[in-house]
Structures are given as structure tokens and as C-alpha cells.
Amino acid sequence: MLTVAAAAVAAAATIHNDPNGALLPNRAQLADTADAVAHAVAKAAVDDGVAPKLTDEQIDEAIRATRWTPAYR
2 MLTVAAAAVA AAATIHNDPN GALLPNRAQL ADTADAVAHA VAKAAVDDGV APKLTDEQID
62 EAIRATRWTP AYR
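Residues are numbered in the working numbering as their position in the sequence shown, beginning at 1, plus a constant of 1.
Simulated from the structure, these hints should not be mistaken for laboratory data.
Among the hints, erroneous ones may be present.
Pairwise CB distance ranges (calculated) [stated by the list, open to error]:
{"id": "1", "residue 1": "56", "residue 2": "4", "range": "20 to 28 Å"}
{"id": "2", "residue 1": "12", "residue 2": "74", "range": "31 to 39 Å"}
{"id": "3", "residue 1": "20", "residue 2": "61", "range": "31 to 39 Å"}
{"id": "4", "residue 1": "30", "residue 2": "4", "range": "19 to 27 Å"}
{"id": "5", "residue 1": "18", "residue 2": "49", "range": "27 to 35 Å"}
{"id": "6", "residue 1": "49", "residue 2": "12", "range": "17 to 25 Å"}
{"id": "7", "residue 1": "6", "residue 2": "71", "range": "19 to 27 Å"}
{"id": "8", "residue 1": "7", "residue 2": "69", "range": "20 to 28 Å"}
Cross-link-like lysine to any residue pairs, in silico, SDA-like; alpha carbons within 20 Å at most [as the list claims (entries may be wrong)]:
{"id": "9", "residue 1": "44", "residue 2": "74"}
{"id": "10", "residue 1": "44", "residue 2": "67"}
{"id": "11", "residue 1": "54", "residue 2": "34"}
Every residue gets a Cβ at the ideal spot worked out from N, C-alpha and C, and that includes glycine.
All chains, please: the whole structure from these sequences, using the hints.
Here it is as C-alpha cells:
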């Protein structure tokens, strides 16, 4: 699960689209990157048999239902 989490972060690195980019995602993409990491880890847990069998859609719904969304006043 740690390996797939690292791979999801690496996949969001800006260097993939810009040779002068960073090895980490832009701050503006952190929410999307967090969702990608959560999905990858949940999928790995299902595949390893340590989490309930869920489809990709069910995993995404669970992430949406439990993630924190900032609300500024």
C-alpha cells in the first residue's frame, strides 16, 4: 500500500509535463492527488484481501463521503 501511495504521488509530479517541473505535485493539485492516493491505497487493500471487496466506483464514493473539504467563512 505504501508503494502504490508513492506511485500515485509520483504520477502527479509536474515533471511529467514540464522538464523543469518539480518531483511533487503543485499545491493547486493536492486535493486531486490526495484522492488519487486514497483510491490507490484502498484498491491495494482490497486486492490484498485486508479490506472489504469494493468496486472502483464504491471506493470513489467512500472517498467522497469521508474526505474533509475546507469551508472558509
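Here's how the hints hold up against the structure:
1. 56 to 4: 20 to 28 Å: With Cβ atoms ~22 Å apart, the hint holds.
2. 12 to 74: 31 to 39 Å: 34 Å, holds
3. 20 to 61: 31 to 39 Å: Between residue 20 and residue 61, where Cβ atoms are some 32 Å apart, the hint holds.
4. 30 to 4: 19 to 27 Å: 21 Å, holds
5. 18 to 49: 27 to 35 Å: 32 Å, holds
6. 49 to 12: 17 to 25 Å: 20 Å, holds
7. 6 to 71: 19 to 27 Å: Holds, since residue 6 and residue 71 (Cβ atoms, about 22 Å apart) stay within the stated range.
8. 7 to 69: 20 to 28 Å: 22 Å, holds
9. 44 to 74: Since the Cα atoms of residue 44 and residue 74 sit roughly 35 Å apart, the hinted pair is violated (cutoff 20 Å).
10. 44 to 67: 16 Å, holds
11. 54 to 34: 23 Å, violated
Going through the hint list in order, the structure does not satisfy hints 9 and 11.
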